[in-house]
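Number of protein chains: 2
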Amino acid sequence: MEIAKSLQQTPSSYIREILAAASDKNVISLAGGLPDEKTFPIDLMKPTLETLSEMPEVFQYGATAGYTPLLNFLTDYFQLPDTHIAMACTGSQQGLDLIARAYVNPGDKVVMEAPSYLGAMQVFGLVQADIVTVPQTEFGPDIEALRTVFYEQSPKMFYAVPDFHNPTGVCWSLETRKQVAALCEQYNVALIEDAPYRELRFSGEAIPLVSDFCPQHSIVLRSFSKIASPGLRVGIVSGKRSYLEPLIKIKQGADLHSSVPMQALLLGLLKHDNFDYHIDTIRTLYKSRYETLYSELQDKLPEGCEIKPVDGGMFVWVTLPSCDTFKLAKELLKDGVAVVPSPVFYPQPEAAKAALRLNFTNATPTELAEAVSRLASGLAKAI
Amino acid sequence: MEIAKSLQQTPSSYIREILAAASDKNVISLAGGLPDEKTFPIDLMKPTLETLSEMPEVFQYGATAGYTPLLNFLTDYFQLPDTHIAMACTGSQQGLDLIARAYVNPGDKVVMEAPSYLGAMQVFGLVQADIVTVPQTEFGPDIEALRTVFYEQSPKMFYAVPDFHNPTGVCWSLETRKQVAALCEQYNVALIEDAPYRELRFSGEAIPLVSDFCPQHSIVLRSFSKIASPGLRVGIVSGKRSYLEPLIKIKQGADLHSSVPMQALLLGLLKHDNFDYHIDTIRTLYKSRYETLYSELQDKLPEGCEIKPVDGGMFVWVTLPSCDTFKLAKELLKDGVAVVPSPVFYPQPEAAKAALRLNFTNATPTELAEAVSRLASGLAKAI
Chain A
1 MEIAKSLQQT
11 PSSYIREILA
21 AASDKNVISL
31 AGGLPDEKTF
41 PIDLMKPTLE
51 TLSEMPEVFQ
61 YGATAGYTPL
71 LNFLTDYFQL
81 PDTHIAMACT
91 GSQQGLDLIA
101 RAYVNPGDKV
111 VMEAPSYLGA
121 MQVFGLVQAD
131 IVTVPQTEFG
141 PDIEALRTVF
151 YEQSPKMFYA
161 VPDFHNPTGV
171 CWSLETRKQV
181 AALCEQYNVA
191 LIEDAPYREL
201 RFSGEAIPLV
211 SDFCPQHSIV
221 LRSFSKIASP
231 GLRVGIVSGK
241 RSYLEPLIKI
251 KQGADLHSSV
261 PMQALLLGLL
271 KHDNFDYHID
281 TIRTLYKSRY
291 ETLYSELQDK
301 LPEGCEIKPV
311 DGGMFVWVTL
321 PSCDTFKLAK
331 ELLKDGVAVV
341 PSPVFYPQPE
351 AAKAALRLNF
361 TNATPTELAE
371 AVSRLASGLA
381 KAI
Chain B
1 MEIAKSLQQT
11 PSSYIREILA
21 AASDKNVISL
31 AGGLPDEKTF
41 PIDLMKPTLE
51 TLSEMPEVFQ
61 YGATAGYTPL
71 LNFLTDYFQL
81 PDTHIAMACT
91 GSQQGLDLIA
101 RAYVNPGDKV
111 VMEAPSYLGA
121 MQVFGLVQAD
131 IVTVPQTEFG
141 PDIEALRTVF
151 YEQSPKMFYA
161 VPDFHNPTGV
171 CWSLETRKQV
181 AALCEQYNVA
191 LIEDAPYREL
201 RFSGEAIPLV
211 SDFCPQHSIV
221 LRSFSKIASP
231 GLRVGIVSGK
241 RSYLEPLIKI
251 KQGADLHSSV
261 PMQALLLGLL
271 KHDNFDYHID
281 TIRTLYKSRY
291 ETLYSELQDK
301 LPEGCEIKPV
311 DGGMFVWVTL
321 PSCDTFKLAK
331 ELLKDGVAVV
341 PSPVFYPQPE
351 AAKAALRLNF
361 TNATPTELAE
371 AVSRLASGLA
381 KAI
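The listed protein sequences correspond, in order, to chains A and B.
So the first sequence is numbered by full-length UniProt numbering: it starts at 1 and just counts up by one.
So the second sequence is numbered by full-length UniProt numbering: it starts at 1 and just counts up by one.
Isolated chain A (complex conformation):
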């Protein structure tokens, strides 16, 4: 049976190959984007796990938009405006897929920063969007480039990860947030704000969502994979009702609804008195791992390699002198360290600047130090 044309255009996922190879015991993986399993708040989930058997209603078919007690709770928790609703998805990844399916026709223009999140490129690739990129600065997207794209190309939406961007770790400045919001309103472009790392801030002051400055022109995707557990697969999409209703309609066909016991479990966790303390613990842990990675990199990276500090998230981005980063990543794998080469994060891989993404959340300080040694000696050989 011949596969659909939309799928034929999806490149095979090189990152999956790396992740597969990275499971070798002799390899230290900084390639994935996994939270540390030890941080999962299983103790805080246990009371709910044990009472699910007294909640037969969560085992029945549920509403497509999600488990009502969870949605009600989150409407308050996220302080959604009256015009807005929330819906639960099978991870925020599904929310993104629903947005693409509900709104994007083949050839419609979708703007992203370059580099950008691989999973978003897959999703928009499947609906055959015309992905247009703008460069990223240390404060967020290049505003003049964004204005030009909005003005000249009339895109339908702008997909962005403003908090601790995947892969670069950049956190958009307050000023950039306001400017992007104003541009979205001015040019009637919907902002798709993906915020999976937002709660993982370990330095600096919290700043508002970009969507807070353009609430009628945005959809927000929130994840609990990094602060609760990815295995649950519960993400939340919120936005004005007219934006969300088409997503609910698609979801009806896509899977009827997401697991209700998992939504009830998440609700129990969010309501637990110690949940805030739990997030603080994760932040402290990841901060110390980040600091280890960063200082090891500062000490050991060969000349010509550059890193910028981050205030949260899961990744550090190492820019390199021009080289074949795919070949480099394969060589590094042989040296016992897995990293992700920059081209996989670019819709036009040939336009990628040489860089590597390093994850710091799922390795111990000892592993991080050893990984950097292997990385540094591999880099010294290669560049």
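Derived from the structure by calculation, the hints contain no laboratory data.
The reader is advised that the hints may include incorrect statements.
As the list makes no split between identical chains, a pair holds if one copy fits it or if it spans any two.
Stated by the list, open to error - Derived BS3-like pairs: lysine-lysine, alpha-carbon spacing no greater than 25 Å straight-line:
id : residue 1 : residue 2
1  : Lys381    : Lys46
2  : Lys46     : Lys271
3  : Lys5      : Lys240
4  : Lys178    : Lys240
Predicted model only: the values in this text are computed from it and were never measured.
Place chain B on chain A using the hints.
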């Protein structure tokens, strides 16, 4: 933001309106397709629910194809041939959606019986398939009509519910199964065999899947919503590896993977010593409810209305003298009984023969009897 063209072509779901109205306390609903909440094997799930907190690995990101211990178990349980693999989805509904997205281009022909499952029409509608129908007899699809369609129109796939069809309750005969399988092989049409009601047989002998006669030309969708719990949202898709790999690739973008704790919970349930006994209990319960509904209908239906006995599943199909069944269903709702009118089950609603779908799994015998009284008096007025 303008919605995608594919969604603009999806008709609004009248059945959702009926189901919403059916939640009124004064209405007895035979409209839904819900299992009885009291049948959920929560006692059998409880031991696993209580040990999930000792399985931190199920809270981490999982493999896109599903939780390996579950897939291994099911490969044996379903006695899959060596050429085949299984994958876990967010309900078998998602499996169907992935099949449509992986294989169907706009305008590709997909064959179904008419009437057919509404959720399948939604899914194939979203990918803008050209849905071609064949009539259904009491033994399954009209074989000569099917042969003609396969020969003249070269469809890509044939979607079917051979066991206790939704909405008619028809179970394909053994001979029809063999004939359909032979046609699929002869004309190289993939059979998409949707089997959510297969385990709900309460009369007659079990017969093989259609796919057992054409294993290299079929994909099977299996549900645990009717024998375990719909809320879990775990369905299984199986077929030859080359058929399934594109589905896994789409699922990677669609939601990364389905809930791992729910897959572990299902595995614990399937392995429970009392699970087979539990299924027997459900069969016995639904058989008695079916018998109540059927005998009440035989006694009370006005002349010109016809029913056929079923050997399992969840539905009875009442054919009526020609009338406006939408109007009838609305009138019946006022009389306190919710049913689903036949046109919603036809890709070309205007071609529908007048009929109503009645569900018997989620109402007590008393409710079933009262519902039939209301139905019969409503019908007597209308026709």
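These are the hints, each one checked on the structure:
In this assembly of identical chains, the alpha carbons of Lys381 and Lys46 never lie at most 25 Å apart, being 50 Å within a copy and 56 Å across copies at closest. Proximity of Lys46 and Lys271 under a CA criterion of 25 Å is satisfied in both settings, with 13 Å inside one chain copy and 23 Å between copies. Taking identical chains as interchangeable, the C-alpha atoms of Lys5 and Lys240 lie at most 25 Å apart only when they sit on different chains, with a minimum of 21 Å there against 33 Å within one chain. For a Cα distance limit of 25 Å, the shortest separation of Lys178 from Lys240 inside one copy, 19 Å, qualifies, whereas the shortest one across copies, 52 Å, does not.
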